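Student: Here is what each chain is made of, one letter per residue.
Number of protein chains: 2
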Amino acid sequence: MTSLTLALDAMGGDYGPLVTVPAALQALKSNSSLHIIIVGNQVEIDPLLHDAEPSIKHRIQQIHTTEVVNMDDRPVHALRTRKNSSMRLALELVRDGKACACISGGNTGALMAMSKVLLKTLPGVDRPALVTCLPTVTGKPVYLLDLGANVVCDSEALFQFAVMGSVLCEAIHKKQRPKVALLNVGIEEIKGNDQVQQAGQILQHTDQINYIGFVEGDEIYTGNVDVIVCDGFVGNITLKTSEGIAKLLVHQLKCGLNSGFFVRFLSKLIAPRIQAVLSKMNPDHYNGASLIGLRGIVVKSHGNADEAAYLQAINLAATEAKRRLPEMINDRLESILLDINS
Amino acid sequence: MTSLTLALDAMGGDYGPLVTVPAALQALKSNSSLHIIIVGNQVEIDPLLHDAEPSIKHRIQQIHTTEVVNMDDRPVHALRTRKNSSMRLALELVRDGKACACISGGNTGALMAMSKVLLKTLPGVDRPALVTCLPTVTGKPVYLLDLGANVVCDSEALFQFAVMGSVLCEAIHKKQRPKVALLNVGIEEIKGNDQVQQAGQILQHTDQINYIGFVEGDEIYTGNVDVIVCDGFVGNITLKTSEGIAKLLVHQLKCGLNSGFFVRFLSKLIAPRIQAVLSKMNPDHYNGASLIGLRGIVVKSHGNADEAAYLQAINLAATEAKRRLPEMINDRLESILLDINS
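Quick note, the sequences are listed as chains A and B, same order. The first sequence maps to residues 1 to 342 in the UniProt record's numbering. The second sequence maps to residues 1 to 342 in the UniProt record's numbering.
Hints listed in this document are in silico derivations from the structure and should not be mistaken for laboratory results. The model shown is predicted, which means the values in this text are computed figures rather than measured ones. For every residue, glycine included, the Cβ atom is placed at its ideal position computed from N, Cα and C. Any given hint could turn out to be false.
Said to hold, decoys possible - Once the Cα atoms are required to be at most 20 angstroms apart in a straight line, the calculated EDC-like pairs of lysine to aspartate or glutamate come out as: (1) Lys98(A) to Glu327(A); (2) Lys254(B) to Glu327(A); (3) Lys247(B) to Glu327(A); (4) Lys83(B) to Asp72(B); (5) Lys174(B) to Asp331(B); (6) Lys247(A) to Glu243(B); (7) Lys140(A) to Glu243(B); (8) Lys322(A) to Asp96(A); (9) Lys29(B) to Glu53(B); (10) Lys254(A) to Asp218(B); (11) Lys174(B) to Glu327(B); (12) Lys247(B) to Asp218(A); (13) Lys140(B) to Glu243(A); (14) Lys247(A) to Asp218(B); (15) Lys179(B) to Asp339(B).
What the hints assert, rightly or not - Some, not all, of what chain A presents toward chain B, calculated at C-beta under 7 angstroms: (16) Gly148; (17) Val151; (18) Val185; (19) Ile190; (20) Gly217; (21) Ile220; (22) Phe233; (23) Asn236; (24) Ile237; (25) Ala246; (26) Leu248; (27) His251.
Input sequences plus hints: build the corresponding full structure.
Tutor: Here's what the structure looks like:
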């Protein structure tokens with residue numbers, strides 16, 4: 001088995017090394033061909049590595065830095081001044097071919113800006129997009145992009161996201177002609193803002209993309225569509241709203257099943273089953289959004305991910321690295337763009 | 001008890017009179033001071049009124065028209081050409097003081113445009129907003145606006161929505177200084193697009209509004225905020241997404257509790273309790289979005305509302321009429337705007 005090296009921004013996320021380092025150890029334990037370069041403050045990281053087995057320890061490299069990107073750093077500021085930050089150094093490892101993917105739970109805007117400058121976008125891509133898989137009623141996942149990397153998007157950006165999302169779905173799920181839709185406030189052609197309407201016009205004339213039109217928010221989770229495209233402002237709020245309503249439902253269910261002796265008794269008996277269902281819906285199980293459209297692999301973890309959720313993000317990065325995702329996207333993208341421009 | 005007359009656009013919504021007329025009969029049955037003017041095609045409506053009791057029938061007036069606003073009519077087109085549509089005639093009844101509120105499940109854009117032209121906005125309000133109450137973890141509702149009446153909004157529009165939402169919450173829930181927030185992709189000041197950032201700046205300097213800053217999508221359902229403001233594009237997608245994920249969770253739960261004999265047996269015993277919880281979360285129970293900022297009351301029902309859901313919308317219109325909502329909003333708004341401009 002070929003070995004695989006990942007670069008970890010250990011300081012990113014709400015809990016920093018307390019989450020990222022144990023998750024890295026878990027990943028190394030379950031995948032013996034994995035190597036991880038942990039970038040961050042050794043003073044905080046070393047104690048967390050202390051008890052690791054030698055077989056795991058020898059697959060860890062460390063790069064020490066005390067500089068971090070703050071959550072409220074503006075992207076441009078982070079880019080100009082955080083030259084020795086854990087985020088930047090981790091990305092440089094990918095740029096320099098020393099790691100094949102980078103994982104960070106830090107400031108999304110800064111990660112996006114640094115990734116774009118350091119790794120560069122693929123030919124034909126102006127702006128990378130943040131994309132993740134979400135569960136649906138049918139059981140097959142749906143890709144939603146952009147999730148917040150691009151707060152303001154023109155129709156050309158939305159079009160490129162549609163192409164990249166389609167290619168990603170083809171590449172990872174081996175799905176032929178995945179159904180691509182634009183997220184909008186109605187399915188009728190007259191609905192929406194200029195950007196969405198113009199993007200729809202372009203996609204309608206792009207034969208290589210299986211564009212099915214506009215969908216509303218309630219279509220995200222039906223499984224009728226494979227790829228749903230929106231700007232990063234809408235995508236981010238859509239994703240966070242989903243988490244919020246899921247938490248509300250779980251709360252209501254717990255309250256409802258916790259009143260009255262008989263109901264409480266019965267509820268306890270089926271609690272494991274309910275737990276299993278709810279954990280399937282736990283957003284942590286879908287942790288890890290990929291920044292696609294770059295010449296390298298970058299996976300963004302939720303800032304508030306716990307160890308299990310962060311492990312998901314590491315595993316996602318490893319999978320994308322194994323499948324050489326950027327190369328796959330590039331190949332398909334080239335063909336689509338050639339077709340469009342011919 | 002003072003009598004109350006509502007105007008019903010019987011043709012609006014996916015099912016037209018088949019839903020709107022039975023819901024009207026229900027409303028009249030449960031509220032003996034209520035009168036309803038049903039506007040629409042008598043050929044379709046009459047058979048549905050056939051079996052109504054005389055005590056109900058005599059509180060129904062009918063205005064016959066065969067013209068309707070189509071779901072794909074552009075607002076400007078509807079305004080110019082649908083002069084005899086059920087939607088327009090129902091709104092004219094409110095304008096002419098013959099009804100104190102109008103309910104429609106039709107084309108939102110057209111309803112918005114017609115309402116604005118026929119009823120006019122309150123002084124200081126440029127654009128009406130669509131607002132609804134949503135359930136939260138704490139049990140107290142949160143107001144979310146705009147839900148789709150204004151697909152593109154500048155910072156001034158967002159500011160006005162914040163003022164109107166705050167006043168609405170004060171007026172209906174007797175809540176002192178309700179907490180108002182702007183929906184954004186992050187809570188840090190640097191986050192978001194220009195419109196949201198500028199609206200935040202204005203709100204920060206408006207003492208009469210208890211503005212608490214930006215919130216992310218997962219804060220909508222926590223109950224920590226009373227009023228959440230966003231543009232209609234984001235609001236519509238947020239609302240529909242919530243419906244989608246709620247449906248997904250219910251589906252997963254049903255599947256999870258339907259496998260294995262023992263679990264199935266136990267599930268059946270607590271099914272009524274689960275059903276009760278889920279029905280509390282049913283978006284139909286929150287049906288009825290108010291178009292606020294107008295000199296009259298307009299309630300928009302979901303297009304796909306069933307009879308029970310449509311009844312909610314009628315009841316909401318009746319409540320707002322009883323409380324003379326536009327006058328209450330106007331009084332408070334005047335004071336806030338005077339204060340701001342002084």
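Student: Determine for every hint whether it applies to the structure shown.
Tutor: Structure-based check of each hint:
1. Lys98(A) to Glu327(A): At roughly 17 angstroms apart (the allowed maximum being 20 angstroms), Glu327(A) and Lys98(A) satisfy the hint.
2. Lys254(B) to Glu327(A): violated (41 angstroms)
3. Lys247(B) to Glu327(A): Since the Cα atoms of Lys247(B) and Glu327(A) sit roughly 37 angstroms apart, the hinted pair is violated (cutoff 20 angstroms).
4. Lys83(B) to Asp72(B): holds (16 angstroms)
5. Lys174(B) to Asp331(B): holds (15 angstroms)
6. Lys247(A) to Glu243(B): holds (14 angstroms)
7. Lys140(A) to Glu243(B): Holds, at about 19 angstroms.
8. Lys322(A) to Asp96(A): Holds, at about 18 angstroms.
9. Lys29(B) to Glu53(B): holds (9 angstroms)
10. Lys254(A) to Asp218(B): Holds, at about 19 angstroms.
11. Lys174(B) to Glu327(B): Holds - the C-alpha atoms of Glu327(B) and Lys174(B) are around 15 angstroms apart, at most 20 angstroms.
12. Lys247(B) to Asp218(A): Roughly 9 angstroms separates the two Cα atoms, so the pair holds.
13. Lys140(B) to Glu243(A): holds (19 angstroms)
14. Lys247(A) to Asp218(B): holds (9 angstroms)
15. Lys179(B) to Asp339(B): holds (19 angstroms)
16. Gly148: holds (5 angstroms)
17. Val151: With a minimum Cβ separation of about 5 angstroms from chain B (threshold 7 angstroms), the hint on Val151(A) holds.
18. Val185: holds (4 angstroms)
19. Ile190: At about 5 angstroms, which falls below the 7 angstroms cut-off, the nearest Cβ of chain B leaves the hint on Ile190(A) intact, so it holds.
20. Gly217: holds (3 angstroms)
21. Ile220: Since the shortest Cβ distance to chain B is 5 angstroms, the answer is holds.
22. Phe233: Holds - the Cβ of Phe233(A) comes within 7 angstroms of chain B, reaching about 6 angstroms at its closest.
23. Asn236: holds (4 angstroms)
24. Ile237: Hint on Ile237(A): holds, closest Cβ of chain B at ~4 angstroms, below 7 angstroms.
25. Ala246: holds (6 angstroms)
26. Leu248: With a closest approach of 4 angstroms, the Leu248(A) hint holds.
27. His251: At about 5 angstroms, which falls below the 7 angstroms cut-off, the nearest Cβ of chain B leaves the hint on His251(A) intact, so it holds.
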